[in-house]
Amino acid sequence: MEYKVPSMAEMAAQSKTPEILFWVGCAGSFDARAQKVTRAFVKILNQANISFAILGNEESCTGDAARRAGNEFVFQMTALQNIEILNMYEVKKIVTACPHCFNTIKNEYPALGGNYDVVHHSQYLKELIDTGKIELNQEASTTVTYHDSCYLGRANGVYEAPREILESLKMDIKEMKRSRTKGLCCGAGGAQMFKEDEPGDKRINSERADEIIANGAETVVANCPFCITMLQDGLKEKESSVMVLDLAELIVNNKKW
Amino acid sequence: MIQQIIFIIVSVLALGMAGKQFLDIRNNILLGEDNPIDQKDSGQRWKNMFLVAFGQQKMFKRIVPALLHLFIYVAFLMTQIELIEIFIDGFLGVHRIFAEPLGGLYTFIISFIEILSVLALVATIIFIIRRNVLKLGRLHKPEMKGWPTNDANIILGLEIILISAIFTMNGTDVLLQELDPSHYPSTGNLAVSSWLGPMLFGSFDQGTLVILERIGWWAHILVVFAFLNYLPSSKHLHIILAFPNTFYAKLNSAGEMENMPTIMNEVKSMMAPEAAFTEDAGGEELPEFGAKDVLGLSWKNILDSYTCTECGRCTDNCPANLTGKKLSPRKIVMDVRDRAEMIGNNIKKQNKDCIASDSKSKTLSKENYDDGKSLFDWISKEELHACTTCNACVEACPVMIDPLDVILKMRRYEVLTLSEGPNELLSMYNAVEQSGAVWQMPNERDAWTKELNND
Chain A
1 MEYKVPSMAE MAAQSKTPEI LFWVGCAGSF DARAQKVTRA FVKILNQANI
51 SFAILGNEES CTGDAARRAG NEFVFQMTAL QNIEILNMYE VKKIVTACPH
101 CFNTIKNEYP ALGGNYDVVH HSQYLKELID TGKIELNQEA STTVTYHDSC
151 YLGRANGVYE APREILESLK MDIKEMKRSR TKGLCCGAGG AQMFKEDEPG
201 DKRINSERAD EIIANGAETV VANCPFCITM LQDGLKEKES SVMVLDLAEL
251 IVNNKKW
Chain B
258 MIQQIIFIIV SVLALGMAGK QFLDIRNNIL LGEDNPIDQK DSGQRWKNMF
308 LVAFGQQKMF KRIVPALLHL FIYVAFLMTQ IELIEIFIDG FLGVHRIFAE
358 PLGGLYTFII SFIEILSVLA LVATIIFIIR RNVLKLGRLH KPEMKGWPTN
408 DANIILGLEI ILISAIFTMN GTDVLLQELD PSHYPSTGNL AVSSWLGPML
458 FGSFDQGTLV ILERIGWWAH ILVVFAFLNY LPSSKHLHII LAFPNTFYAK
508 LNSAGEMENM PTIMNEVKSM MAPEAAFTED AGGEELPEFG AKDVLGLSWK
558 NILDSYTCTE CGRCTDNCPA NLTGKKLSPR KIVMDVRDRA EMIGNNIKKQ
608 NKDCIASDSK SKTLSKENYD DGKSLFDWIS KEELHACTTC NACVEACPVM
658 IDPLDVILKM RRYEVLTLSE GPNELLSMYN AVEQSGAVWQ MPNERDAWTK
708 ELNND
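Quick mapping for you: the protein sequence lines, in order, are chains A and B.
Position 90 of the first sequence, counting from 1, maps to 90 under the working numbering, and the rest follow consecutively.
Adding 257 to a residue's 1-based position in the second sequence gives its number in the working numbering.
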């Protein structure tokens, strides 16, 4: 099929309102690795016949990293601009593949005047599977492990939806010791992604890579573009063959359509 | 009679002195900014207090220390019942006033306390070994050198003295009940002392037993008084403060950072210039954003620091600390307390050297406090910059302390008030401002769609 990605502006021009807004995020828009996740997710949305749109160039950074670094001015500028646009389009429901965008829009935009129903794509994909909107090949018998991102897990308590997707795929989940509430950070959050590490013995992603390798799974499944970058770098450094995949990619790889 | 008078004097002194110290702590906590606590969800707050403080829910993530701690905790709670009797006996000059009226129930309660005391003794000994012989990693980080380690051992030592006193008191009493039943009412058959007493004290004569019983009784209450007066300067305040601290803990998502309405409104007025004129155009001095000192933190942050018992679960789970960075969430919390104590003491002593030079008032208060120091003299920027905001420390804390909040407030001060911070981040800020993305990107935000049908 030919995949389509309508923008809110195009939809509005035709006086149409999509059911959901897909919030792509900076990583999903620009980072080559994360773009693959974005495309995988959009293919699923097309396949499931979901009425969705993106903001395209009208989307800006949510301001997560700037706020956590301490720069409230930059955060407020970009956040208020986003809220103005989201409110102009009267957006009700937002889906995003980035737990940082998810957390900021869901938990921090309300205080600034932006109130939306925000779901992370892992929750949304679970819903699509449960309602039979996407069909999966259930012959996958690989062993996977799941890396909880801090902002989906501890910050928002979403631990089960992603695991349930893996179960629907009949994947063999081999948990790491540090999982769920005890999940180890990949090292990217709080604006660390954009700066050098402070002096120490080891990089955090290297610590996590060691744990992943020791776990022995063939694939590590993640839910965050920054985690994916960090884990991939950490594993590459150790010349490991463990694959790092997003939930959306895993679904596309096991699609039955 | 003399004992009665001594008891009353000692009690009044001990309780009075302790009360005064607790008031000082209250004042130190209130050095923080007034941060109104949302009361609308008080049901959830009571639930947190009941489950996390009273029910120790978060301790049970690690079963062995949780059980050992539970023994000491329940023994401590139950001993309070015994303390009521000690107080009444002490004031009225009577002996075991509840023994006869309660009968079998008394035997049951005291036996229950005895069994718990044995379990607590075992736990205390294991804790001493774990801390001093096995040298558990999280109890031996740099911030634990010196006083914090001695503090922990003093408390464990007091627990052993307390438990020994209980068994001396009960064990000798069991023997005296047979020798002098008119003065020593029967307690029934006690679970531990009825066999331990004769075993330890069986060979002593009545006179010695009477003295030993009094030594046990007095040691018990004196250790309690000493402990009560030691608490305010120890790390052990969690036995009290865990309750308010869990009650007042953040209810919102752990991922939510507190909004800064002043900055939001300023940015809003920049975005809608016509609205800007309605605001007061004041040439006043620039406001201070974030926290430079404990005076800029909230009272809850300081309550957190007094509640901390330095167990180190936060630091043990911190990804930065695990990989050898300087950051230790426990140290952040301990530093907040040290600094609050310092400011609180100076204000209490009215140390005139700490009055800000431009202050009109000659009375030192938190409003005009300036000793030339700040919390940044305790917490370095290197520590603040190492945090990934992953919330592992917040999640790990058994009494719902939030070290992350302090880190983020200090980062805000560094960036917003000092215009400093890691240099590498400047290009990220610029990118967000200029191109609406965390990276400086010339291309279109939807460029990824071009390859959609070629993958």
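If you're looking for bench data, these hints aren't it; they were derived computationally from the structure.
Ideal Cβ positions, reconstructed from N, Cα and C, are used throughout, including at glycine.
Fair warning: there could be bad hints in the mix.
[Stated by the list, open to error] Quick list of the computed label-pair ranges, beta carbon to beta carbon:
1) B:L334 - A:E84: 51 to 59 Å
2) B:L393 - A:D201: 26 to 34 Å
3) A:D201 - B:A613: 58 to 66 Å
4) B:F369 - A:K238: 15 to 23 Å
[As the list claims (entries may be wrong)] Taking lysine-lysine and the DSSO-like style, the derived pairs with C-alpha atoms no more than 27 Å apart in a straight line are:
5) B:K318 - B:K392
6) A:K182 - A:K195
7) B:K605 - A:K202
8) A:K133 - B:K707
9) B:K398 - B:K304
10) A:K238 - B:K583
11) B:K277 - B:K619
12) A:K174 - B:K605
13) B:K492 - A:K182
14) B:K707 - A:K202
15) B:K605 - B:K583
16) B:K392 - B:K277
17) B:K315 - A:K177
18) A:K16 - B:K583
19) A:K182 - B:K392
20) B:K492 - B:K619
Next on the checklist: To test your reading of the hints: which numbers does this structure violate?
Outcome noted: Numbers 2, 3, 4, 7, 9, 12, 14, 15, 16, 18, 20, in rising order.
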